[in-house]
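There are 4 protein chains.
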Amino acid sequence: MNQANAILLLSCPDQKGLVANVSDFIFRHGGNIVHADQHTSLPEKMFFMRIEWELEGFAIPRQEIDAAFRPLADRFQMKWEIHFSDYIPRIALFISRHVHCFYDLILRQRMGELNAEIPLVISNHLDLKSLAEEFGLSFYHFPITSKDKTQQERQEIELLNQHGIDLIILARYMQILTPSFIARYCNRIINIHHSFLPAFAGGKPYQQAYDRGVKIIGATSHYVTAQLDEGPIIAQDVIKISHRDSVQEIILKGKDMERIVLARAVKLHLENRILVFGSKTIVFE
Amino acid sequence: MNQANAILLLSCPDQKGLVANVSDFIFRHGGNIVHADQHTSLPEKMFFMRIEWELEGFAIPRQEIDAAFRPLADRFQMKWEIHFSDYIPRIALFISRHVHCFYDLILRQRMGELNAEIPLVISNHLDLKSLAEEFGLSFYHFPITSKDKTQQERQEIELLNQHGIDLIILARYMQILTPSFIARYCNRIINIHHSFLPAFAGGKPYQQAYDRGVKIIGATSHYVTAQLDEGPIIAQDVIKISHRDSVQEIILKGKDMERIVLARAVKLHLENRILVFGSKTIVFE
Amino acid sequence: MNQANAILLLSCPDQKGLVANVSDFIFRHGGNIVHADQHTSLPEKMFFMRIEWELEGFAIPRQEIDAAFRPLADRFQMKWEIHFSDYIPRIALFISRHVHCFYDLILRQRMGELNAEIPLVISNHLDLKSLAEEFGLSFYHFPITSKDKTQQERQEIELLNQHGIDLIILARYMQILTPSFIARYCNRIINIHHSFLPAFAGGKPYQQAYDRGVKIIGATSHYVTAQLDEGPIIAQDVIKISHRDSVQEIILKGKDMERIVLARAVKLHLENRILVFGSKTIVFE
Amino acid sequence: MNQANAILLLSCPDQKGLVANVSDFIFRHGGNIVHADQHTSLPEKMFFMRIEWELEGFAIPRQEIDAAFRPLADRFQMKWEIHFSDYIPRIALFISRHVHCFYDLILRQRMGELNAEIPLVISNHLDLKSLAEEFGLSFYHFPITSKDKTQQERQEIELLNQHGIDLIILARYMQILTPSFIARYCNRIINIHHSFLPAFAGGKPYQQAYDRGVKIIGATSHYVTAQLDEGPIIAQDVIKISHRDSVQEIILKGKDMERIVLARAVKLHLENRILVFGSKTIVFE
Chain A
45 MNQANAILLL SCPDQKGLVA NVSDFIFRHG GNIVHADQHT SLPEKMFFMR IEWELEGFAI
105 PRQEIDAAFR PLADRFQMKW EIHFSDYIPR IALFISRHVH CFYDLILRQR MGELNAEIPL
165 VISNHLDLKS LAEEFGLSFY HFPITSKDKT QQERQEIELL NQHGIDLIIL ARYMQILTPS
225 FIARYCNRII NIHHSFLPAF AGGKPYQQAY DRGVKIIGAT SHYVTAQLDE GPIIAQDVIK
285 ISHRDSVQEI ILKGKDMERI VLARAVKLHL ENRILVFGSK TIVFE
Chain B
45 MNQANAILLL SCPDQKGLVA NVSDFIFRHG GNIVHADQHT SLPEKMFFMR IEWELEGFAI
105 PRQEIDAAFR PLADRFQMKW EIHFSDYIPR IALFISRHVH CFYDLILRQR MGELNAEIPL
165 VISNHLDLKS LAEEFGLSFY HFPITSKDKT QQERQEIELL NQHGIDLIIL ARYMQILTPS
225 FIARYCNRII NIHHSFLPAF AGGKPYQQAY DRGVKIIGAT SHYVTAQLDE GPIIAQDVIK
285 ISHRDSVQEI ILKGKDMERI VLARAVKLHL ENRILVFGSK TIVFE
Chain C
45 MNQANAILLL SCPDQKGLVA NVSDFIFRHG GNIVHADQHT SLPEKMFFMR IEWELEGFAI
105 PRQEIDAAFR PLADRFQMKW EIHFSDYIPR IALFISRHVH CFYDLILRQR MGELNAEIPL
165 VISNHLDLKS LAEEFGLSFY HFPITSKDKT QQERQEIELL NQHGIDLIIL ARYMQILTPS
225 FIARYCNRII NIHHSFLPAF AGGKPYQQAY DRGVKIIGAT SHYVTAQLDE GPIIAQDVIK
285 ISHRDSVQEI ILKGKDMERI VLARAVKLHL ENRILVFGSK TIVFE
Chain D
45 MNQANAILLL SCPDQKGLVA NVSDFIFRHG GNIVHADQHT SLPEKMFFMR IEWELEGFAI
105 PRQEIDAAFR PLADRFQMKW EIHFSDYIPR IALFISRHVH CFYDLILRQR MGELNAEIPL
165 VISNHLDLKS LAEEFGLSFY HFPITSKDKT QQERQEIELL NQHGIDLIIL ARYMQILTPS
225 FIARYCNRII NIHHSFLPAF AGGKPYQQAY DRGVKIIGAT SHYVTAQLDE GPIIAQDVIK
285 ISHRDSVQEI ILKGKDMERI VLARAVKLHL ENRILVFGSK TIVFE
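Residue numbers (the numbering used here), protein chains in the order written: chain A, 45 to 329; chain B, 45 to 329; chain C, 45 to 329; chain D, 45 to 329.
Isolated chain A, as found in the complex:
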């Protein structure tokens, strides 16, 4: 028995008949829609949709849905992708020396909170090697310097390909990726930045927050683009602080936000709930 669902994510210029045609396509072939969400952005006259239906009873075999849907998609100039809920995405964790986001993701995966496998941990430092191995993870060390970055990234890409990686998570990874690496994983690299972006971009946000005397700090998870800290934001959250909080205490409070916000963004991505349009996301929660 096939318990899986198909998930269609699409965007196109807004026009009449979009919902009717897409839902009719599913209905006509016997599909039962279990979730549907849409958004029309009036300033840009764009239409976005996420629609999920049961494969059981659906007349088109999953490998043929693509071809069957294409004529409709072409007619409306859609950008689109189809996912299946029983596919287990494969994640590569990029880490440096901070351990909290690493722990959090590993344990959520273990507890079944993340529908994914993590076959691969990559780091520019050796500090967390034994820890990763303690959790049974394959650890690869790429001691990247500015000189050999392109060459080392080429090796990383090879490794990512070998392991069939779908998603890269920068779990407080402290190395800037090259534009060509990023382009290869467009909207498939998720970063956690330890501030409420666009406030305090850059390397020392907690110190900056302390110095500025803000009363709230935050964390931001976003897709990585060539512009550092400027990729489409997926999730943000905040926590209150006061004059009593030293930089050290701000860091501690911030870590909880980082964990939660990164995990939330990863979960949304894994459930195929995110559409990227320009520098922004549409998140169908």
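Calculated from the structure, these hints are not laboratory results.
There could be a bad hint or two in this list.
Identical chains blur together in the list; that is why a pair holds if it fits in one copy or across any two.
[What the hints assert, rightly or not] Below, a list of computed lysine-lysine pairs in the DSS-like style, where the Cα atoms sit at most 27 Å apart:
hint, residue 1, residue 2
1, Lys123, Lys297
2, Lys297, Lys89
3, Lys284, Lys89
4, Lys324, Lys173
5, Lys297, Lys193
6, Lys123, Lys324
7, Lys284, Lys248
8, Lys311, Lys284
9, Lys89, Lys248
10, Lys297, Lys173
11, Lys297, Lys284
12, Lys324, Lys284
On the provided structure of chain A, position chains B, C and D as indicated by the hints.
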């Protein structure tokens, strides 16, 4: 030129073809869908939908949409209602002695934040009479006692009918309505309760919160049912407190929550974003 | 009978004996301390204190407390001020065309939520004149242009002096004050900025928030300094938004934050709970 | 060199001279106060204080502070305790089958976020035995039934004594402790309840929250008393939900709250920031 939209709210047993048939109905008659949101409740196998489309270019005149849609609705056993975005709902404010929610709603209406008229203020006390009149509102005094409640409510209903009232807001109104009154305005009476329900139902929630030593207080806006403080919840929000907050300070902090939560619930209702199912709401934000 | 309290705010280099000496000063003269809060900032080696005691039973008449405390203050190189809880501060509201913060403060004052009088409303526009007068407030129009700003500010200062103004609130006042005006009211001008500073400083924060695709917006209340939007932050709060929120809806949600954050900051100031140190505040809540 | 601080927690009937006498006691013996916080509860006329000073330079050896302070304490009828910041408290984790709070605390301890040791894990089930041992923890199984509870608890107490346990954490431990066990660890047993108490006390809070249709869920950490779910609340937090959240998704969201709220409460306890008065806490953050 007709700038208005039609808004269809419906619920029915879940089944295949719902989205397809409803969206096709709109598309076939030339309607452009601007918002659509649906929800399937798996435990109850129920389907809920809010769909909004432009009347401009829609082939069916608005007074005939009802009849045109009925066959489809019947086929799927839908409960449904159609609203038009250019209709200005008429609100009756029920108040007693607290003034903060009254002020808040009056001023939001004045500032254009609420798409509604407020032709009528009803109170069981005279305290706020001059204030209501200062704002140019018609004030009616019903000094209800337990003896004459039914009779006075009959007069209230007459008044509400005369003014074509669509929605009753209990802005900290301190009188219990009779079940028969409530039944007449089913899902059209919104109350604000000054606690995070179901915690601290009843008359003295802030004192109870203080006595219990909770670290967070809240406010809850809900439709009124015959069971006091148990109607379907529309909106809730909370604010942190500490041991430093006296009952008086808790009340002050709570007032801000009450204002915001009541206004949010009223706005959601006026925009026809709420479906009630059993004792719960589906809120299509 | 004297029900008032004295409130002492002080800051000085950290050293031994501060709490002991200050509390002994109060105790020795028969004062009963009802609140005391202190903060030591380790990086700056600074000590901050707010201490409040009942004047009833205190041996020193209030007009002599200053002189009596001075030797102790001098010994520890304190910056300090003494306030009395029965003094009613006098506020001047500066407004332009936005009405929501104006309404909010006026009504809080009316409801007794703010311990202050508002004898004066100043605006660079005439739009809200009749509204201010409807609330019985004296309205003064200063149609400031870049040319005559200094001269008009001189007239404003005269007016503020005449009315014995203690605190200026910029309730969405859309004119930049000159450094000399600001210097005269150092830490006595409170502004509300409609973003979560330091994100989106400047004139169009909601549009910027929309364009950047942030998932949370905020509001910031701060003392005004010569550096626009960079004064010491008093209070901040945030609210979640999503891709569904148009700029218009972001503005609406933001207005609630602005009202609450400005009112909170004003209340903290009126209760003498704020110490400014450099570009930051210590808020003794 | 002695880097530790002494922390004095005290409560007594409010009266003049408390701050002066306590701070003078510290100052007179050469102590440098680094934190001091107090609270006067007016309805109960009670005074609460937390004061922390450096032992370096303090004239009284730490083992004699008790005796030295006693006369002052007696004079003011104080309840009081003294702690030292370099003492590492010892925690026993009580668990059943849920793993998320267990993981969270273990990893925070590992990452240095909790100043404590965890020599002991006790469970009424064997499910998490191998996991606990994987983390190098001593695991003890007490398969408690209603019949032999008292006897088994006697063995637990022996074990807790052997390991010098200061604090018991019920990390989603699903067994009710006897009043005599609780009495022995008065204000030293911290529980996490998976709801925003007093809403949804009892065993199935997430299901209840779903059934009631609340828009916000929460978690509550409290000291355990003989009245189930009614002990003094230490920390609470909440998260928004909507009609889209199934019970399963509510559980998932709730788990993040449970982790954070429990960790926060434990941290506050370990830093000696909590005073219990009746059924409430004073938390000096």
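What hint numbers does the structure not satisfy? 1, 4, 5
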